[in-house]
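Q: Sequence:
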Amino acid sequence: MSTLAQTITPWITDDGLRVFVVLTLLIGGGAAFLSGRGLARAWRPLWRLLFYMALLAAAVRFFNYALFDGTLLSPYYYAVAYGVLLAAGLLGYRTMRTTQMVTQYHWLYERTSPLTWKAR
Numbered sequence: 672m673s674t675l676a677q678t679i680t681p682w683i684t685d686d687g688l689r690v691f692v693v694l695t696l697l698i699g700g701g702a703a704f705l706s707g708r709g710l711a712r713a714w715r716p717l718w719r720l721l722f723y724m725a726l727l728a729a730a731v732r733f734f735n736y737a738l739f740d741g742t743l744l745s746p747y748y749y750a751v752a753y754g755v756l757l758a759a760g761l762l763g764y765r766t767m768r769t770t771q772m773v774t775q776y777h778w779l780y781e782r783t784s785p786l787t788w789k790a791r
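Numbered as in the working numbering, the sequence shown ends at 791 without a single skipped number.
Since the hints were made in silico from the structure, they are not lab data. A quick note: this is a predicted structure, and the numbers were derived from the prediction, not measured. Accuracy of the hints is not assured; some may be wrong.
Distance windows between CB atoms, simulated [as the list claims (entries may be wrong)]:
1) Trp778 / Gly709: 21 to 31 Å
2) Ala750 / Pro716: 38 to 48 Å
3) Tyr747 / Tyr776: 40 to 50 Å
All C-beta atoms in this analysis are idealised placements derived from N, C-alpha and C, irrespective of residue type, glycine included.
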């Protein structure tokens, strides 16, 4: 492992960079992205995403503890997982909401990027 990875790894995970990438980024981030899309598709408010990502972060930390002997009750690593999952959930939410706005109200809005729209 490079010296950069050795200095960054203790800040983001207690079990190693591979475990963090696979469990938190790929599996947890994918679930968070799809959860955000689902909430946006059902026209649910954004504050629900905050609550659901807190539950998902707890599940990711439990899997980290159960499968890889990580620390279960670590507020710092829970906050790191929550931040990563919240970012992925917000990305999914915003991409779906943009798609909804420009397809359902195509006479009012046009897409400016994958995450934004503007009035015509």
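Q: Each hint should be assessed against the structure and marked as holding or not.
A: Now for the hints, and whether the structure bears them out:
no.	hint	result
1	Trp778 / Gly709: 21 to 31 Å	holds (27 Å)
2	Ala750 / Pro716: 38 to 48 Å	violated (23 Å)
3	Tyr747 / Tyr776: 40 to 50 Å	holds (43 Å)
Of the hints listed earlier, the one the structure fails to meet is number 2.
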